[in-house]
Amino acid sequence: KAGVTQTPRYLIKTRGQQVTLSCSPISGHRSVSWYQQTPGQGLQFLFEYFSETQRNKGNFPGRFSGRQFSNSRSEMNVSTLELGDSALYLCASSLEESGTDTQYFGPGTRLTVL
Amino acid sequence: GENVEQHPSTLSVQEGDSAVIKCTYSDSASNYFPWYKQELGKGPQLIIDIRSNVGEKKDQRIAVTLNKTAKHFSLHITETQPEDSAVYFCAVTGYSSASKIIFGSGTRLSIRP
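Here the protein sequences line up with chains A and B, keeping their order. Going letter by letter, the first sequence gives residues 26 to 139 in my numbering. Going letter by letter, the second sequence gives residues 29 to 141 in my numbering.
Mixed in with the good hints there might be a few duds.
Unchecked claim - Here are the simulated distance ranges between beta carbons:
1. A:39 with B:96: 45 to 51 Å
2. A:30 with B:138: 26 to 32 Å
3. A:109 with B:106: 37 to 43 Å
What the hints assert, rightly or not - Not close to chain B: a few residues of chain A, all C-beta gaps over 12 Å, as computed:
4. 27
5. 40
6. 105
Hints are computed from structural coordinates only; laboratory data are not their basis. Backbone N, C-alpha and C define an ideal beta-carbon position, used for all residues, glycine too.
Using the sequences and the accompanying hints, generate a full structural model.
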């Protein structure tokens with residue numbers, strides 16, 4: 026069974042631009058969660074989608090948004106990029122909602138904002 | 029809300045020795061405790077997990093123990109090998125589907141040859 030895939034793997038953007046990251050969960054998984062990982066803040070929860078509905082949201086500004094499609098694939102969008110948005114963005118999928126089920130992570134998308 | 033503390037932040041052990049990483053949490057309603065290993069350039073990978081109705085779980089060289097009364101759980105790696113070098117994260121989540129998974133700050137484990 027294929028694991029969680031994320032595209033692109035690396036991305037370089039400049040301040041003020043916007044970016045869209047994509048995540049394909051493990052086949053059959055209905056929940057997709059997004060995390061931001063930085064050396065200073067560690068792994069921070071962004072949001073979770075289950076059956077196309079946002080179920081949970083972390084403490085991030087409204088510039089961070091996401092959505093989930095009917096095939097469970099998910100995208101996250103960051104608008105008006107800031108230097109501090111440089112991070113590894115990780116996607117994780119689980120069979121059911123993450124609060125009750127094991128999460129499996131993708132390799133991440135490394136975003137660099139110049 | 030839930031708070032998770034992980035110690036130590038760095039750990040260096042001789043190959044063949046054991047390594048122990050400990051996490052404490054604050055919410056007594058938490059009931060799922062996974063451990064993840066992250067190697068350079070990769071996403072975290074689940075290595076072992078435990079639920080609140082179990083006190084200990086073992087998988088070959090890796091074991092996790094849970095003390096619900098004291099609200100702490102630990103990862104034990106025996107007979108360490110060079111490939112065990114990585115960053116390890118503990119995580120905690122509650123029973124409710126509205127619960128978020130909270131991660132510890134990570135432990136960088138280095139195995140000395």
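Does 45 to 51 Å hold as the CB distance between residue 39 (chain A) and residue 96 (chain B), or does it fail?
Given about 49 Å between the Cβ atoms, the range holds.
- Minimum Cβ-Cβ distance from residue 27 (chain A) to chain B exceeds 12 Å: holds (14 Å)
Checklist entry - Range hint 26 to 32 Å: satisfied by the CB atoms of residue 30 (chain A) and residue 138 (chain B)? => result Holds, since residue 30 (chain A) and residue 138 (chain B) (Cβ atoms, about 30 Å apart) stay within the stated range.
Is the hinted range of 37 to 43 Å satisfied by the C-beta distance from residue 109 (chain A) to residue 106 (chain B)? With a Cβ separation near 40 Å, residue 109 (chain A) and residue 106 (chain B) satisfy 37 to 43 Å, so the hint holds.
field: Verdict on residue 40 (chain A) as a residue remote from chain B, using beta-carbon distances over 12 Å
entry: Holds, because the least Cβ-Cβ distance between residue 40 (chain A) and chain B comes to about 26 Å, which exceeds 12 Å.
Nearest-CB test (12 Å) between chain B and residue 105 (chain A): holds (25 Å)
Comparing the model with each numbered hint stated earlier shows that all of them hold.
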